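Student: One line per chain: the protein sequences are A and B, in this order.
Read in order, the letters of the first sequence correspond to residues 1 to 983 in our numbering.
Read in order, the letters of the second sequence correspond to residues 984 to 1185 in our numbering.
Derived from the structure by calculation, the hints contain no laboratory data.
Keep in mind it's a predicted model, so treat the numbers as computed, not measured.
Be aware that a few hints might be false.
Claimed, not checked - With a Cα cut of at most 25 Å, we get these calculated DMTMM-like pairs of lysine to aspartate or glutamate: (1) A:K247 to B:D1159; (2) A:K169 to B:D1062; (3) A:K169 to B:D1105.
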Amino acid sequence: MRFEWEVLQNENPEPMALFSVFQTTFLLALLSLRTYQSEVLSEPLPWAPESLKVFINSTHQCLHLQWSVHNLAHHQELKMVFQIEISRIKTSNVIWVENYSTTVKWNQVLHWSWESKLPLECAKHFIRMRSAEDDAKTPEQSFWSNWSSWEEVDVQNSLGHDPLFVFPKDKLVEEGSNVTICYVSRSPQSNISCYLEGVQMQGEQLEPNVTVFNLNHVAFIRETGTNIYCKGDQGDSIKGIVLFVSKVLEEPKEFSCETQDLTTLNCTWDPGSDTGLLKQLSQSYTLFESFSGKKTLCKHKSWCSWEVAPESQEMYNFTLTAENYLRKRSVHLLFNLTHRVHPMAPFSVLFTDVSTTNATMTWKVHSTGNYYTLLCQVKLYGEGEVTQHNVSVEVDGEQLFSGLEPDTEYRAQVRCANANHFWKWSEWTHQNFTTAEAAPSEAPDVWRNVKSVQGHSVVTLFWKPLSKLQANGKILFYNIVIENLDRSSSSKFLSIPAPANGTELNLDQCSYQIHVTAHNSVGTSPASVIIVSGDPGNKEVEEERVKGTEDGFSLSWKPQPGNVTGYIVEWCDRPRGPLCDLQWKSVGPTTTSTVVSSDAFRPGVQYNFRIYGISTERVPYLLEKKTGYSQELAPSDNPQVVMSNLTSRSFTLSWKDYSIESQPSFIQGYHVYLKSKAGQCHSGSEKAVLSDDAVCCKYKIDNPKQKTFVVENLQPESFYEFLVTPYSSVGEGPHGAFTKVTTPDEYSPILIRVILPMVFCILLIMIICYLKSQWMKEKCYPDIPDPYKSSVLSLIKSKENPRLTIMNIKDCVPDSIEVLNKQEGTRKSLTETESSKPTYLYLLPTEESYSGPGPCICFENFTYNQAASDSASCGHVPVAPKAPPSQLALLTSPENLLKALEENYMNSLGEIPAGETSLNYVSQLASAMTGDKFSLPTNPPEPALCSEYKMQMAIPLGLASPPSSGSSSLSSFTLLDEGEHYH
Amino acid sequence: MKVLAAGVVPLLLVLHWKHGAGSPLPITPVNATCATRHPCHSNLMHQIRNQLAQLNGSANALFILYYTAQGEPFPNNLDKLCGPNVTDFPPFHANGTEKTRLVELYRIIAYLGASLGNITRDQKVLNPNALSLHSKLNATADIMRGLLSNVLCRLCNKYHVAHVDVAYGPDTSGKDVFQKKKLGCQLLGKYKQVIAVVAQAF
Chain A
1 MRFEWEVLQN ENPEPMALFS VFQTTFLLAL LSLRTYQSEV LSEPLPWAPE SLKVFINSTH
61 QCLHLQWSVH NLAHHQELKM VFQIEISRIK TSNVIWVENY STTVKWNQVL HWSWESKLPL
121 ECAKHFIRMR SAEDDAKTPE QSFWSNWSSW EEVDVQNSLG HDPLFVFPKD KLVEEGSNVT
181 ICYVSRSPQS NISCYLEGVQ MQGEQLEPNV TVFNLNHVAF IRETGTNIYC KGDQGDSIKG
241 IVLFVSKVLE EPKEFSCETQ DLTTLNCTWD PGSDTGLLKQ LSQSYTLFES FSGKKTLCKH
301 KSWCSWEVAP ESQEMYNFTL TAENYLRKRS VHLLFNLTHR VHPMAPFSVL FTDVSTTNAT
361 MTWKVHSTGN YYTLLCQVKL YGEGEVTQHN VSVEVDGEQL FSGLEPDTEY RAQVRCANAN
421 HFWKWSEWTH QNFTTAEAAP SEAPDVWRNV KSVQGHSVVT LFWKPLSKLQ ANGKILFYNI
481 VIENLDRSSS SKFLSIPAPA NGTELNLDQC SYQIHVTAHN SVGTSPASVI IVSGDPGNKE
541 VEEERVKGTE DGFSLSWKPQ PGNVTGYIVE WCDRPRGPLC DLQWKSVGPT TTSTVVSSDA
601 FRPGVQYNFR IYGISTERVP YLLEKKTGYS QELAPSDNPQ VVMSNLTSRS FTLSWKDYSI
661 ESQPSFIQGY HVYLKSKAGQ CHSGSEKAVL SDDAVCCKYK IDNPKQKTFV VENLQPESFY
721 EFLVTPYSSV GEGPHGAFTK VTTPDEYSPI LIRVILPMVF CILLIMIICY LKSQWMKEKC
781 YPDIPDPYKS SVLSLIKSKE NPRLTIMNIK DCVPDSIEVL NKQEGTRKSL TETESSKPTY
841 LYLLPTEESY SGPGPCICFE NFTYNQAASD SASCGHVPVA PKAPPSQLAL LTSPENLLKA
901 LEENYMNSLG EIPAGETSLN YVSQLASAMT GDKFSLPTNP PEPALCSEYK MQMAIPLGLA
961 SPPSSGSSSL SSFTLLDEGE HYH
Chain B
984 MKVLAAGVVP LLLVLHWKHG AGSPLPITPV NATCATRHPC HSNLMHQIRN QLAQLNGSAN
1044 ALFILYYTAQ GEPFPNNLDK LCGPNVTDFP PFHANGTEKT RLVELYRIIA YLGASLGNIT
1104 RDQKVLNPNA LSLHSKLNAT ADIMRGLLSN VLCRLCNKYH VAHVDVAYGP DTSGKDVFQK
1164 KKLGCQLLGK YKQVIAVVAQ AF
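Looking at chain B on its own, in the form it has when it is part of the complex (with noise of 0.2 Å):
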């Protein structure tokens, strides 16, 4: 619970601040008024479509970076380690509408977003001394965050959708070390794979 509250919970009370940290799972009142915190932008397409290209284009340095810094024998088996076999992994559909998958985008970033926070958590403790990697976390876990804020922007203008439903991956803060790294690889694999087709999708 400690490494939940330090990696996932802040994550969860910067996206649903005004629900608090302990109601971060399915909330869509019935007669919620969508309102953003902030005035929306008016090219938020643009926007989204330039994040996930960011995101993109930096997913394949991440994995890399991660895998190096696990040591044997991460590199030299990355389809046994670092496979995408992340099962709850939230669908998306490319053909689907704007806003059934604008909706599905929000729910992977989501997600990702998450276990990005343990990912980083566990290996600010796993390997404090692999700084690029540390770096490189943050700044993909700070394009999430924007691009979450402007997706939901555009549920909200367009769509008037003010909630999504969220699922998260498995809290590792109880797994041994070994596990640890392994799942990490596993879902930084996964990401990899997904926003490549989340961004051709948009």
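With the rest of the complex left out, here is chain A (with noise of 0.2 Å):
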């Protein structure tokens, strides 16, 4: 218009009056239009939406609203917009504006749905709606219609008469997403408390008697859902739900279609989670090609087919949909079929014409069409080696291989992919095949070990087991054939089955060729020649050291002046065991060194090595030995030790017994540990500290053969303790215990020297008087001692003096006593015995008895028997002449005997001479007289006379001996109180 206006102005200025009126005619019709239009709007629109109808669904918290239009004509379409409003609680607080467009129809009901975050049993909600005509180019002038009236849903009312109830029920959400909770409380003043996997929930009150709770990115805990659960604090009964939470459906990865056959597509994928739950399937995948519009429901989580389009379709647009009740996810895949071609494994794989080093390898494809020429892989094993082969194949396929080992085993494999678009390899097909045996190509490695027994050579042969390369084929027996080389015409054959690795040979003394050869079924390995000479040269041959390293041995040795075809190191791999396991190296004659290793090597193992040269003649000798460890260890042990030689100043100790040989490594001598309170070392020692802060003085033996130590310079009565360890280059052997000793004092030795002895013949003298005691007795002091053997002759008779004679009891003439005897029952004396007649003891001499001229003196010994003198020489007195003066008075009156008696003393004294007077009578068991008990009573005087003469009588043992002592003593009593038979 305004346009219009400004051409006007511009073409025809003059009329400016005119067209000032027609400008004001057109402003007043076009006002008056507009007035006319505005009072039409004012009317209700002749399509504003009518029956508005709401519909709940719970379980989805949806509210569909159904409506319609009127006043469309027949077949009219008209496009409108309906404007939506929805409140919640109360009509003013909207919550929710959304503008629905559609096509309208004629009589058509039309439908809108809406979902709401908050459980519809939560709260009251309300629903309106108006519409306009949607007109596209200008949607800001579209008129409204005017609003419905408000649609009430309250579904609370519905609910019954329960106090408490929890919403929403059974719930399915995807996790991460939010969920809002809510419970209707019919008691408003219950204090109700909500609970999420026994954790209480925090919510806010929408209601005076409804709560809701917001949980935001719920997790997945479990398929069998979650319990939320609400209870009031008055006894309430406990209501809940259950929500459900679902993994989020993945889309689907790595999707992909292939054929082997062109007849049918294989598409895979990787589906990721499962979304499956109770209240909810796992998704499924559709698989859906656009080219062709078919579709299918995939079978499978992962996988699906497709039957290839017999129209020879080429290109295919597949979209895999994967779906679960929330969600749908879709990937799309474009591909030409020929590109996608996996064909299938290979098959009927044969080997022909199969030699000892070819084999020719055939295999067949499956077709995929005549258009297709295949690329084949083709890889061979064996050995330890590959070789690859590409081969191009329509039909059949063919692959020779050459450059093959004899009897070895062989694996082929072969696949195939298309040669014109690269997609994949089939799989492989395998086969193995062997190759054919062949003759052994190499002579055995022969050594032998010979030992000389009985004036015979036992040879034990040995040979080393063909390797694989070397036997071609399976080694069935060795021949061995030995050549006496002094008596040539002698030889011997044997066969010894495989896979034996030696033999034993009892050969003589003479020289001996010895040929080993390997057989397998083909042929004959060349044969292998040893000599056995009939010397066996043992030349000795000094040892060496070597030391070994984790690597082996590496020995050298000193190269041979005369021709040599070789040389071989010969050892033990167990040195230690009664099969030493004999090993052996050969090596060239050039070679004079070698590095040995085995498996078997140990450390602390002392491991011998021989050197023998091959003469020309294949006649091996001893060229050197080498002895080491491959590695030195600590020794283990230390050796027993024996102590002797234990002096207070020096002890000497020896360990004969220890084997150097033995020990894990060379031991270069000997420790000799000792502790002593003092702690001083003496020279040839040194300080040394033990592990446990002990100081101790430590002597060094230099010497392994060395196998005794004197320790000296001890104190004595000391205490040592003392220990003997070997010592290696790699260190000593255990600090063990201690042997404890302690010196002696010095005067001892010389004590037990002089005392032993001493002791000993005192046992001895003694055991001898005990069993010589009655010789002794006699010899020494005899009952009655004879005067012929009395020291006292012997020293008269060294004295020489004629006139000292002992004298004969034949001289002595005795006074006679006479005694009457009285019958005492049964009990007899020898005085009874003899005679029952008064008996007379002559007490002074007579002119009868009196024989010789001198005095008779007689000598008692009252100790000669002292059963006599104590209890029956007095009791027995009828004819004891020794019966006391006391006695004897009672006998007769004391003073006539005691003048007698003193007159009889006093003549022998007077008729003595008064030289002979001097001698004086030596008794040879002297005894006081006093000790007898008969002696004191009446006449004390008288037995000092009788000490000095005392009347000597044996009386015999039996005799004197009364029956008891008791008998005696009252017998004695019985003499001694009656005494009347005494005359």
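Quick one: dock chain against chain with the hints and give me the complex.
Tutor: Listed below in structure tokens is the structure:
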């Protein structure tokens, strides 16, 4: 309009007045039209929504609206927009406004749905709508109809009369989404708590009886759902719901399709997580091809088959759709069928013309049409090597293998792919074959061990089994030919079946040449020849030490000046075992060093190596000996030490049984540790501190063969401890228990040397004395000393005094005493048995009895028979001349007897010449008479006389001894008291 | 209805197979002859007592297995969730005559059997991994079927009662999951309580 105005002004300026009139008229007309329109619009639109109905879907928390638009002409289609308002709790609380555009037809019922975040049971909802014609050109000029009346949705009214409700029921949501939960309480005063997995939830009050809980980013807990429950504090029943949280449906990954036979496509994918729940099945997959418009529901979660169209469709555009209750996800794939050929694995793999070194492999491939060529890859595995060949194949494939090893198993495998449009290799097809056998190519490596036993040689032959490459087949047996070199006509043949690796031969002292050959099913190996000489040639070779490493022993030897065909190094893998497991290594004639290694070598084990040279005559002779350890270890044991020659100042230690050869290292010597309280070390030793901080003296013995040691400079009566431990280059033996020793004092040995013999002698004498007591008694102190045997006699004789003689008893004339015997029972005495008539004892010499000129002097020895003296001598007085004077006094009047005795005594004294009175009689066993009980009572002075001259007479022991002391005593008293028979 | 067909109807078919699935409830033809499908055992009461003892012995274990499998809050709120609040449960009078007791027992076992079928069906869906619970439910249902048959035999043989009007518990198929769990728990709690009384009465 404005543009028109400008044109008019520019084209015709003159009739401005007329134009002004028209303009005014137009404006008035326009104003009137506008007024009219306003009046019209103020009326309801003829297409206002009518018959609005609201349906509730509590399960999905949805409100479904249904309405219609009247006044549409028949077949009229009108594009309309419907504005929908939703309020919650009250109409003024609008929570949702949405414009719903659609094309409305005559008599059409319109639908619209809205999903509430809040369960519909939790609050009232109000819905209204209005409509307008949807003018896309000028939407801002749309004229809305009047609002419909509010439609109220109140689900709470239909809940029932339970005191408590919790919503939503059995809600299904995706992991990570937000959920709103509410409870409706019929008793607002009740304090209600709600819990999720035992954890109380914090909510906000929506209405006095409604509280909502907003759960954000809910997590998947279990497939059977999560219990959410509410309970009041007034003993109300518990109400709850189960919330199902599913994993989020993932987009299928690695979606790919291929064919093996150009008739079926196989599509695969990675489905990701399973979203299956109690309330929801696992996701389903649908494959849709857009060019053909075909669709298939896949039966499996990760793959699906698709029939290739027979009309040779080459291009395919697939859509894979994953779907569950909550979500859909799709991926697309466009490809040419011929570029997705994945051939099937070749088949009928065969080997033909298999010889010792060649073989031909053939195979077939599945047909994929006449226009396709396959590229096949062939791999051959054998003896640790892999060879690869590429072959172009249409139907059958063939590959020749050459340069193979005899009697070797090979593994061949083949796979194929589309040669024109490579997609994927087929699976491998494997097949094994074995080449034919050939004769062994190498002679067996032979060695021997020779022992001389009783004039014979016991030769043990060893040979190493041929390697697979040398054997060229399975070795069946070994042939041994033994030729006697001294008697050429004599030879011997042996056949040893495999897998033996040695044999023992008993040979005489001749020289022999031994041939060893190995045989398989095809032929014989070259012969291995070795000479066993009749001369053992055991020359002494000094042993050298070598140091081993983890890699083995590096051995070297002096080259031999003469012609040598080679060298052999010999050792035992198990030197400590009963079977030493002999090993050998052959080297060429120009080699003078080698490294010997073996898996059997162990640290701490001494290995002995012998190096032989092989002469041109194939006779081995010993060159050198080596010994060493692959790894030396510290000595593990200490020697058993014997201590000897212990003195106060020294002792000797010896360990003769200690073997230095069986030690885990080369023993270089010994350390002798000596502990003492003094702690002083003498020359030859040094102070050492042990691991337990004990200080001791250490003696060092540098010679390992020295197995004795004298520990000197010790203190007497001191306590010492010693330990002998070997040492080597890697250390010394364990510091185990020390042996304790205490030195003796200096004098003890001397004393022992003196005292012991003395004690022995004394004991010997005592024993002899005991055994010869009778003899001794007779010799030394007889009952009746033999005057001739008396020492006095010898003394007399020694003085050769002829005047001194021993008085003969025959010369003694005793006086006679009459003894009246009294019969006392059965007891008899010697005197009684001899005579019952009165016996006369002559106390004084009588005329008749006196036979000699000299006075009669009797010597009495009271100790001669103690029994007699104590008990019977006086009891049997009747004939006892030794009766004391007191008794005698009873027999006669004391006075007379005393007189007689005195006279006798005086006479005797008087008759003895002056010169003879000087002779004193010396009793051999002098005993005082004062001890006699019968001597004291009556006449003490008398015994004094008798002590000078005692009657000496022997009474037989049997006669003198009474039957019992009591009776004897009684009898004595009887004699003494009565005494009437003594006259 | 689908769930009803899966749970209750098979049981009814077993119990009243002659009359078909459509007529499970009170059927007492006036002139019905009392006939059992199989010959009844001689010592029926002994068997009934044994079966009751067997049910009584396993009822508590079944109850524990059930509420444990439902998860919180069931194990710790047994009084509120698993109380024997079953309103329409058939009554039992322990001091009645044997005939009365047998009739009441028949009603109870029929009620329990149907409810147990519902519970078994629900639990196979709600707790598919609770195999021991499923096994126990099935074993209990098996015993109940045998007991029902024996009771019917006894009623028929001795008292010439051919039919007993029975009632069933509410169908849980339309309930929400939490409610299914709760109803099952209440039923098993009631079962544990009632079976002890019934077993004692016989």
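Student: Now tell me, hint by hint, if it's right for this structure.
Tutor: We went through each hint and held it up to the structure:
1. As the CA atoms of A:K247 and B:D1159 are separated by approximately 22 Å, the hinted pair is consistent with the 25 Å bound.
2. A threshold of 25 Å between alpha carbons decides the hint, and for A:K169 with B:D1062 the separation of about 23 Å falls inside it, so the pair holds.
3. As the CA atoms of A:K169 and B:D1105 are separated by approximately 16 Å, the hinted pair is consistent with the 25 Å bound.
Comparing the model with each earlier hint shows no violations; every hint is respected.
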